[in-house]
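What follows is each chain in one-letter form.
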Amino acid sequence: MTDRSGRIPSHPQIPPQVPQTSPRRTMLMSPAMVVIGGLLAFFTVVFSVVVLPIETYTPPPSDNWLPISDEAHAGRQVFLANGCVYCHSGFSRPQDVFEGLYYLYPRASEPGDFHGTAQSPNVLGTARTGPDLSHEGGQHPDTWHVAHYANPRNTTPVSIMPSFSYLSQDDRDALIAYNQSRGGKDGMLRQAAVRMGNQLMRLNMNMDVTADAALADLLDELRASGSYNADGMPSDRSPSGLPWKAVWMINSFGRGYWLMPDPLDVTQQNLIRGRAIFLSRCSGCHGVEGDGAGTAARSFMIPPFDFTQEGLPGMPMTSSGMFYHRILTAGPGTAMENFGTRLSVEDIWRVVLFLRTIPNGGLTEPLPTVDMYEPWTPPPPLQAYVESHPIGAALTDGGDRSDPFMNAARWVAPGMATGDEIMIGGAIPMTLDRLADLIRAEYMNLVDAAYADAEARGDDLPDLDTLHSTERLVFHAP
Amino acid sequence: MAQMSADERISSDVEAHPPRTYADSASKVWLYSSLFWIIFLTLVGLTMATELVTPNLFAGIAPLQFGRIRPMHVNGAIFGWLTMMYVGGAFYVLPRLLGVSSLWSETLGVWSAWIWNLAFAAGIVGLGLGLTQAREYTELIWPVDVLLVLVLLSNIFNSLMTVVHRRVRPLYVTVWWILASQIWLAVDYFIDNVMWRPGNWLGNGVAGGGSPSGALPDPLADGMLNWWGNHNLFGLWLTPMMVALIYYFIPKITRTPLYSHTLSLVSFWGIAFFYTGVGHHHLLQAPIPGWLKTFATVNSILLLVPVFAFVTNVWLTMRGNWSSFFTNMPLRFMLTGFIFYFLVNVQGAFMAVPVFNQMIHFTNFIVAHAHLALLGAFTFVGMGTVTYLVPQFLGRPIYSRQLVEWQYWLLFVGFTGFFWVLTFASFLQGQNWAIGIPQINVLPEIRPHYIARAIFGAMILMSAILQAISVIATLIVDTSRKTREEFRAYAGRPVTEGGSHD
Numbered sequence: 001m002t003d004r005s006g007r008i009p010s011h012p013q014i015p016p017q018v019p020q021t022s023p024r025r026t027m028l029m030s031p032a033m034v035v036i037g038g039l040l041a042f043f044t045v046v047f048s049v050v051v052l053p054i055e056t057y058t059p060p061p062s063d064n065w066l067p068i069s070d071e072a073h074a075g076r077q078v079f080l081a082n083g084c085v086y087c088h089s090g091f092s093r094p095q096d097v098f099e100g101l102y103y104l105y106p107r108a109s110e111p112g113d114f115h116g117t118a119q120s121p122n123v124l125g126t127a128r129t130g131p132d133l134s135h136e137g138g139q140h141p142d143t144w145h146v147a148h149y150a151n152p153r154n155t156t157p158v159s160i161m162p163s164f165s166y167l168s169q170d171d172r173d174a175l176i177a178y179n180q181s182r183g184g185k186d187g188m189l190r191q192a193a194v195r196m197g198n199q200l201m202r203l204n205m206n207m208d209v210t211a212d213a214a215l216a217d218l219l220d221e222l223r224a225s226g227s228y229n230a231d232g233m234p235s236d237r238s239p240s241g242l243p244w245k246a247v248w249m250i251n252s253f254g255r256g257y258w259l260m261p262d263p264l265d266v267t268q269q270n271l272i273r274g275r276a277i278f279l280s281r282c283s284g285c286h287g288v289e290g291d292g293a294g295t296a297a298r299s300f301m302i303p304p305f306d307f308t309q310e311g312l313p314g315m316p317m318t319s320s321g322m323f324y325h326r327i328l329t330a331g332p333g334t335a336m337e338n339f340g341t342r343l344s345v346e347d348i349w350r351v352v353l354f355l356r357t358i359p360n361g362g363l364t365e366p367l368p369t370v371d372m373y374e375p376w377t378p379p380p381p382l383q384a385y386v387e388s389h390p391i392g393a394a395l396t397d398g399g400d401r402s403d404p405f406m407n408a409a410r411w412v413a414p415g416m417a418t419g420d421e422i423m424i425g426g427a428i429p430m431t432l433d434r435l436a437d438l439i440r441a442e443y444m445n446l447v448d449a450a451y452a453d454a455e456a457r458g459d460d461l462p463d464l465d466t467l468h469s470t471e472r473l474v475f476h477a478p
Numbered sequence: 479m480a481q482m483s484a485d486e487r488i489s490s491d492v493e494a495h496p497p498r499t500y501a502d503s504a505s506k507v508w509l510y511s512s513l514f515w516i517i518f519l520t521l522v523g524l525t526m527a528t529e530l531v532t533p534n535l536f537a538g539i540a541p542l543q544f545g546r547i548r549p550m551h552v553n554g555a556i557f558g559w560l561t562m563m564y565v566g567g568a569f570y571v572l573p574r575l576l577g578v579s580s581l582w583s584e585t586l587g588v589w590s591a592w593i594w595n596l597a598f599a600a601g602i603v604g605l606g607l608g609l610t611q612a613r614e615y616t617e618l619i620w621p622v623d624v625l626l627v628l629v630l631l632s633n634i635f636n637s638l639m640t641v642v643h644r645r646v647r648p649l650y651v652t653v654w655w656i657l658a659s660q661i662w663l664a665v666d667y668f669i670d671n672v673m674w675r676p677g678n679w680l681g682n683g684v685a686g687g688g689s690p691s692g693a694l695p696d697p698l699a700d701g702m703l704n705w706w707g708n709h710n711l712f713g714l715w716l717t718p719m720m721v722a723l724i725y726y727f728i729p730k731i732t733r734t735p736l737y738s739h740t741l742s743l744v745s746f747w748g749i750a751f752f753y754t755g756v757g758h759h760h761l762l763q764a765p766i767p768g769w770l771k772t773f774a775t776v777n778s779i780l781l782l783v784p785v786f787a788f789v790t791n792v793w794l795t796m797r798g799n800w801s802s803f804f805t806n807m808p809l810r811f812m813l814t815g816f817i818f819y820f821l822v823n824v825q826g827a828f829m830a831v832p833v834f835n836q837m838i839h840f841t842n843f844i845v846a847h848a849h850l851a852l853l854g855a856f857t858f859v860g861m862g863t864v865t866y867l868v869p870q871f872l873g874r875p876i877y878s879r880q881l882v883e884w885q886y887w888l889l890f891v892g893f894t895g896f897f898w899v900l901t902f903a904s905f906l907q908g909q910n911w912a913i914g915i916p917q918i919n920v921l922p923e924i925r926p927h928y929i930a931r932a933i934f935g936a937m938i939l940m941s942a943i944l945q946a947i948s949v950i951a952t953l954i955v956d957t958s959r960k961t962r963e964e965f966r967a968y969a970g971r972p973v974t975e976g977g978s979h980d
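Chains as they are written, first to last, in the numbering used here: chain L, 1 to 478; chain E, 479 to 980.
If we strip away everything but chain E, and leave its shape as in the complex, we get (with noise of 0.2 angstroms):
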């Protein structure tokens, strides 16, 4: 240990004597909006649902009609509610990492959080009125993106600058997540939405509009992109994301040690490599490259290396922590969405199999799949990363656990049971379609998944909403002020003001 370098000198001073405060404003700004979103999202989700139970429930009014407000939940899950939770996780976990009290620039990561408001804000409000690219999952119209993608840079030059100015050597492996995620997020969204043919710049749909916006103009060829991109939506932004966060919080709620850096490694560069190339398998029932669908099926497959790799990694952390699971509220949302993660994974994998695509292509399967994802696995980890860095901010234990179980309980029942009803649905579509059955006679035998599945929705609305209370009410209340004069009381004697909360 002679040899020691001046870095790793530093790097030791730092982990004996840690900065005392952080700032967290850019965090606590990114953090707090998206719980506004997830509300919004949730809303305009079960207004859709209630819509495809009773369609003429808003006849007539174009911006509540569902194919106008569908884009608005899919948007606002990704891009509001889970990228701007990711980014505040992001914003905290990046200067305990590398040892020092703030972002590079805190101000600049506050200005971020609010041009990424207000400019999505702008997106939804044209998606209502019709301004939209018309290609799932970049509808935002041209303006819009030119903006998201210019705050994504801004986040990207923050999080570099802070790890240049760091003063931990060795970077942890949610500092790779982060920094790797960001740049292929920012590069994914250019392509996907193809920013560089802005042609008619107010979207598709508007009359007498020129050459496409957004999109190449082969059909084939934008649809191939359109669903590439997509997917590394989820490939390389949300789940590295939530890989990210898991890898920093799990060890350190549960004070363990990461098991391996080196199944960490496998599944950064596993993920890198395979999660890259498995889109098209959206497109296997459609008339593309015949090679192009090999491609994405064995892809897809192959991702199980990278995620058993992590699923491992974080199992055998856990290894004798599993009673935390039932007493550490943030620990048992982030453990959820752990395990809804490897099974959307595996889900997914099967799913590309081209014989089992055939059955549930087209169908619910799709949609409760989808939601495996980004509310099995994403939120149910947002919450989690919610519920911890609320009292972290504050210095002060969160309002009542009570609630927070609630919430818990409120979108876990509310999750499995829309996944199930969904999934069963798509069955019926499935075995019904595949032997010629037109789709309009299998709509009566679905009407009572759908019903189920607006009730659920509910749930998952209440939850998102407990959530957004239950933040208020710790920044309203701070409970711990009442424990220690109880405390006191029993002990007899003064205790220090502003005791942190695990």
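Next up, chain L with everything else stripped away, as it sits in the complex (with noise of 0.2 angstroms):
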């Protein structure tokens, strides 16, 4: 069993019976196999899985859809040509969805969200270096993406995304519009919310307010009537003797929030924490001496909080309860996010304690200690009423918890129960119905907004009503 160079060969002989048919030379390859073979194999899969699915997968638009409107299409530009989309992805997977938590990930994507050529290319994304962007829509106020494309670390302190001071102001703005337009309805509607709690915090605050129309409405109604004026509002107090400022403001907690003590007890350990998620999470607002000047300040409308304020233990709306709601929960109106996310309980509870230090100098100090801390008292008109205003009725009472609006207008007045009537700013009467109806009202002019702009530009649009159908829309607070 040699062959000719005496060598043992590295395959069996072929036997004879069998010559012309070896499997040695069948199963050779010819460039003609090689080439229509693997193009052959090729096509096969490509008709399976690229051209069967494109071609029988088209998913209407879900109940959720909206379109965008034109400055948010101009903002996806700028999102695609700076390369967001390699850190923040753009669908939630139904992992994602904490139905317990707060707010996170509202929903899970589904695939009637993705519709329509003013989506494409898609931008579902590969990582998550950054946060999701699919439900951004409303969660956090334009001013707020003002500072953070500034630079980041304004707002948020660990963030590691780059700054984008390059951008332009109009390619900015249109990212913001783009940022917006994400989350669909429910997306729409937390805008919807957050725009109208903000234009209320500065009319209460006597700021500038170019009113949305669905507030100006409000104001032409009230100055024909002769009981709203532009120039200086009434600061009058409330039955209960409070200004009325001061009484928009405590209804921006929630009324169990109002007077509720620490339940931490004041040591320096609970304080040293407290200060240490301060500075890694609110100087960038609130300013590494906690007087409300950070780096991120000047963008606001709304200035930050300045703890520093001498009269901060009398003050009406500085009890630890309502602290400790508002890095819960979100500031309605302004640039506070809720931090209810990503702080344990009993680290909000710490950093509230701290907060107490600050005017005695927590954070001027090396380190802060007990002594530092400064008992709040409730003033006697807030103690007034806080007792005319009790928790029952506003837990008991009756309102519809079905209606995203109205859930959307408890958000903004957490305090407010219905039947309640605040004066903004002293002139503008408000009812948890009369909010509800304000946000709906600028919800369905940011929708209208929208389709006009999509019509125009051509899009596959379903009919109007069905974008007015409010039957599948929640509220998921920002």
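Treat the hints as calculated values from the structure; they're not laboratory data. Ideal Cβ positions, reconstructed from N, Cα and C, are used throughout, including at glycine. Heads up, some of the hints might be wrong.
To be verified - Footprint (simulated), chain L over chain E, 3 or more residues, beta carbon under 8 angstroms: (1) 658-664; (2) 914-924.
What the hints assert, rightly or not - Output of the computed footprint for chain E on chain L, the stretches with three or more beta carbons under 8 angstroms from beta carbons of chain E: (3) 29-43; (4) 79-89; (5) 92-98; (6) 109-118; (7) 156-167.
Hey, can you piece these two chains together into the complex? The hints should help.
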């Protein structure tokens, strides 16, 4: 069994009875076999996994889908040109949605959320180096985004996002509009609530306000009846003796938190932990000295809270419970984010303990000490107001909890109960029903504007009634 | 043996009398160009890694911002370094396996290399300016796509004509791979970039742009096509070309015939059928049709069949040859890459299992896996190819063995460190996200990993630079002259010039 060179052959000798079709010869590959066979194999699979799904899979717009406005569409191009998608994925997964946790991923993305050429090319993304943006609409007010793009460390000291200070103002505003357009109807409702909350807060503080159409109508109506004066609003006191301005502020906190004391002991350990969290989470806006002059503050219309104020212990809106509620669930109408998703309950209370040491050097001294802690006592008018607005009524009244606009109104003014009437800035009468109507009008205006833009662009659109339908609309608070 | 056909007579004639010299001019341009691109891409990679640690580093400089340079890194790896190195290797191997002294047209090959270089460089500049199609791996804008596909077509034509004019009838497995995967790449590139829809041809980031450029109008269909096509860049181009080079160089360097022709057939047709359908495993958590996800998962696991066939074939070819792993640098590079290739495929198959995918999806596990393939497997094989080919081109030994050892160990330590820190970071991310902890809270936890990644990245850049230094030094200095003189002095008689290096 040796070949001509005398070595043992590397393959068996082929028996003489099968000479023409030895497997060694038939298994040789010819160029035609390689080229044609290779392409055949390729296109067989192309047909099965490319042509077939693309042709057979055309999900209709989902219940949550909305078109995007022209400005948002321009912002999408800024988003694409700057490679945002490499860090920010564009869909939430079923495993991201935790019903019991706060608001982070309100719903899993559905096929119908991705519809229409305005969303092409896809921005599904592959990495979550930064947070997912598929439900970003209304999670932050525009001014927060302005500060964030200038330098993300402004608002989020631990962020690793690059600065986008090089964007032109138009590009930046368009990009913000795109962010606000994401999240479909739910996102649009959040945005309507945030915008309305912001305008009412500024009216309450006698600031210049360019009111959106929904609010402008109300203001015109009030002007006609003579009860509203844009130049100088009266700051009458409410029947309880508190100024109306303070009443509206207090009602932006949950009623149960109004007089809630610290549940934790004032120990140096707690204070030090609180300070560490303050510096890593809060100092961007509230400043490293706690005076509300952080690097982000210059972008905000409503200045961040100044914790160094002399009168802090006696102010009506600075109870521990109110601080806690603000950190837990964000400040409706301000740039304050909710930290309930990111900090534990104990840590939030530690921050609250620490805040009370700031007027006495909690941030300027090397370490905060227990004797820096400034106790808070409710001023008598607040005491009176709280007593006349018991918790029970707010929690047990028969309001419609399934109405998304009412739920949004409850988020803007969580302290209000059905039937309460508050004079915003002393002049604009506000009830929960009216607030819900304002948010509804704001929302519908935003939807109509986006629809008009998309129609002019020639997008594939369902009819306007479908888009106006609020059947599946849910308010997921930002 | 009496019935030997004319073709076979030519073949055996060529085996007895192979061409004395080879032109290799096209191969050189492609291969040397790739040396620049690996330095470029690793430098960009290091910049990105540093920016993740010190995000204010280049604040306000748009072309250096993370989102702008990431596509430079990714495209540089695929189309700059690996593709140019592979084509250089292919143009070296083809004439030798086909019994001819040059490609059908070396001139065409040289021109195609320069057009590729220039078009790709223009694409990179465009990315810096924000001209991008903004779909991952298909960022280069339409005019660049057209030029690149034209170059691919010219290379296919050149290779096919070389095959037609060959003097050895049977095609060795390496030639199948080179032919088929060049064709697959061209077709896949065309489909993946949706090149029949140029739309707003300067890219999708241009303000006031019209219809989307290089994307399907329906966003989900676009995503499905995008990821299917992207994975084929690995499955039908980067992997097959690495397999092709391994099939040639391992038997060549060890002077051992390939273990089995049948196994190489299994690996070829297995990859052709199974690898084409795995791309949708990138979208296992996305809202795409369920049957497509199942198809992708099943194919991803079936992929182990051709991989095991290939691995077995090479492993058995290496029987009795493992001592040269320690002595022969090109072989060591290639076998290291070969082992990483085996690992990346086993890892990839498990990553496509939905339960596991759920935990690692969106994390740095994917980044580590991608580097295991492109850096661990393909770059090691590529560096081995460079280290083997340059002395062959020049007929002189590599400048310094010590330098190549440094290059090897820097890459090895840099890559393995990089891989493990990112893998551990991904476990932190996945575990935290799974219990509802938001992404922002995990950032401080993985910051040490990011710092370590940047350090390991610097080692990888060093290795790429050492490779260029090594090649340039070999171009300038012929160390064999000194060796010959020493030998002459020792043996006391003249030695012929131009001895080749193993």
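Per-stretch coverage check for the region 156-167 of chain L, three Cβ contacts closer than 8 angstroms to chain E: holds (count 10)
Chain E over the region 92-98 of chain L, status - at least 3 residues with CB closer than 8 angstroms: That given contact holds, which follows from 5 residues of the region 92-98 of chain L lying within Cβ reach (below 8 angstroms) of chain E.
Coverage of the region 79-89 of chain L by chain E (three or more Cβ within 8 angstroms): holds (count 9)
Outcome, coverage of the region 29-43 of chain L by chain E - at least 3 residues whose beta-carbon is closer than 8 angstroms to one in that chain: Coverage by chain E holds for the region 29-43 of chain L (10 residues, Cβ < 8 angstroms).
Outcome, coverage hint (the region 914-924 of chain E, chain L; C-beta under 8 angstroms; three residues): With 7 residues closer than 8 angstroms to chain L, the region 914-924 of chain E meets the three-residue bar; holds.
Given coverage of the region 658-664 of chain E by chain L, checked by CB-CB distance under 8 angstroms (3 or more): holds (count 3)
Claimed coverage, the region 109-118 of chain L by chain E - three or more beta carbons nearer than 8 angstroms: Check passed, 8 qualifying residues.
In this structure, every one of the numbered hints holds.
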